[in-house]
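Student: Residue numbering for the sequence shown follows our numbering, starting at 56 and increasing by one per position.
Keep in mind that the hints were calculated from the coordinates and are not lab data.
Being a predicted model, the structure only gives us computed values, none of them experimental.
Just to be clear, a hint being listed does not mean it is correct.
Claimed, not checked - Cβ pair distances, simulated, as ranges:
id : residue 1 : residue 2 : range
1  : Gly734    : Asp678    : 52 to 60 angstroms
2  : Leu411    : Ser104    : 49 to 57 angstroms
3  : Gly309    : Pro82     : 48 to 56 angstroms
4  : Asp678    : Pro82     : 48 to 56 angstroms
5  : Val314    : Arg122    : 51 to 59 angstroms
6  : Leu496    : Ile348    : 44 to 52 angstroms
7  : Met638    : Ser535    : 38 to 46 angstroms
8  : Gly309    : Leu496    : 35 to 43 angstroms
9  : Lys735    : Pro82     : 51 to 59 angstroms
10 : Lys738    : Arg604    : 43 to 51 angstroms
11 : Pro397    : Met471    : 53 to 61 angstroms
12 : Leu493    : Trp126    : 17 to 25 angstroms
13 : Asp678    : Phe635    : 44 to 52 angstroms
Positions of the beta carbon are idealized from the N, C-alpha and C atoms, including for glycine.
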Amino acid sequence: MEETTKVSETALTPPHLLERRVRHRQPTVSVLKSKLKQGVSCSVPRVRSTLSGFFPVVRWLPKYKLREYVWGDVMSGLIIGIILVPQAIAYCLLAGVPPIYGLYTSFYANIIYFLMGTSRHVSVGIFSLMSLMVGQVVYREMYLAGFDLNEDSTASGLDVLNDTLGTNLTEGKIHSVDLMGLQCGKECYSISIAAAITFLAGIYQVLMAVFQLGFVSVFLSAPMLDGFATGASFTILTVQAKYLLGLKIARHQGYGTVVVTWINIFANIHKTNVCDLITSAICISILVAGKEIQERFKDRLKIPLPTELIVVAGATLASHFGDLNSVYSSSVSGHIPTGFIPPSVPSFSLMPRVALDAIPLAVISFAFTVSLSEMFAKKNGYTVRPNQEMLAIGFCNIIPSFFHCFTTSAALAKTMVKDSTGCQTQVSSLISALVVLLVLLFFAPYFYALQKCVLACIIIVSLRGALRKFRDVPAKWRASRNDAIVWLVTMSATALISVEMGLLVGIVFSMVCVIFKTQSPKVSLLGRAEDTDFYEDADEYKNLVPPPRVHVFRFQAPLYYANKESFLKSLYKAVGVEPFLEMTKRRKVEKKAKEMSSKQSKANGDKTNNGEVIVRLVQRELDFHTIVLDCCAIPFIDSTGMATFQGLVKEYKDIGVSVLLANCNTSVIDTLQKGQFFGKNDKDMSSLLFHTVHGAVLHANRTILAAESRSEDSVV
């Protein structure tokens, strides 16, 4: 009898728990004082380190390997510069500003990123998506200011000079608005809006870098960004379609740009300019053919074909000598002045109107820049500093906004060209800026006769990559239905509602999908592999045996307020017993047993109550005595999750079932300890928490054997 008692006590001895390290946290005040002291301390090495960190060029330029790097940098810089010139002029159609400002933007952005960027390959400058988003704000504000948005109402060269200098060199009434004490015409007002929103976007990006808010980009998933880019490409295609046909249609303001614009196009299709239509067909054919040849023979061609430049040069000559503007009323780019306009402070009076519009611009711009810089750094075997990249792109917007520029970003297509043409460092960006500078100083006026339909063709053909994403939808669906749905929803919202709403819908829908996943995660009962202590999903693996009279349950998601009910329902369904219903059932049986016992005792004159015996029989109907919760797939729990665990332990204890936890990570354990789940001073931790599922199962079996042994001894 004594030996049996000793064995039972030994069996009930809890297993040894791992001892947690004691971590001594410094007081918050002392930590803040230390950081403040470190932040304000000044020394020559610290100043040198700060400057070299802020301008990474001073670190790598002195180590520049001239013979090894110069050829690749010069070639890639020249090629990107040649590509930039027609694109800089073309994307101004999207941004709603005169062509000269696209050249300014490309010039300044390349120089600033050369000084501040940490990526060797990223090409920063004008980007179709940024230009579209800027253009939507520009056209909206110009419409509200009462300007005529008809394409034929563009100002002459003297009008541009009037706007720039604030003088009156022409006669006649031209609509203008007062801006910072000067009368501002159409073109002046458009670039003032673009510069204001660019300045704010840069400020937001610098603040995000200073306060380490780069984590915001984690909410921009790859499927969401792909869908957003594709939907925006639809909008860009729609906005440019009128130029292909030579139609004079004002850009639609508000939601549903794609739908309304196509309705207007078909309503005015009879006004198509035949000259523009023929020119567009020829240019698109040449551009697409050039792209196809480039892709098919990319291994043989050392440098990309300058198809855009060839088309621009040929179309400009044809338009000039054919006098297409006068004879066929074909819209042309108009006067593009040489040289630089004196810098000016962005209009602060416009900033409150565009403050909210600058937020999506800032987020998308830095997201594309950081992701591209990290992607090409990984490909070429070096590292970048994301925080410095955010600073760099921020100042690529702040400083150029004083020089009449609009929002910039890294562009995938041009970055890939730089990488494929032997780019080694950002010296290539300096070469590209010099190419643009040559155009600004000498060749800009020669683009006067360039038709707008040619620029639209360049923009539309550049969208091929984004529009080809539709071919990847079946593969996306097979790989992940969730990602495919996010892509489709974001793309549809961006194309059918608006670009800004598409971004918001994409972010919210992506987050909802993540929450939905936690609402219905995979749950499973585990079985044990024979002669091992390995437990896995019995539905997924063969030859697994569930431990006798023990259910091992795994929940593969965090346990928090939003999925508490899902966790409970799945557990009740898996083990087949819901405590509340079981207790209700037992109470009914107990009540019925007492009533029957009372009737029998009255009939027989016997006062013995057999209700307790019947209740004990009911309690033994369950085929298990323990539930082990395998928490290895629960990354965290909140106070609601902890309360759920407490409720389970109490409710199942009432029906004679123990609930044990296994494989909890330290985050979950800390939460449980703070909520006194294991009792005061964690006195019950050794009997509730186990480091392995097998340890919990062995403890459960030992406990029930010891209880049954004591019960038998008491009967004897």
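Student: Okay, which hints does this one fail, numbers in order?
Tutor: 1, 2, 6, 9, 10, 11 and 13
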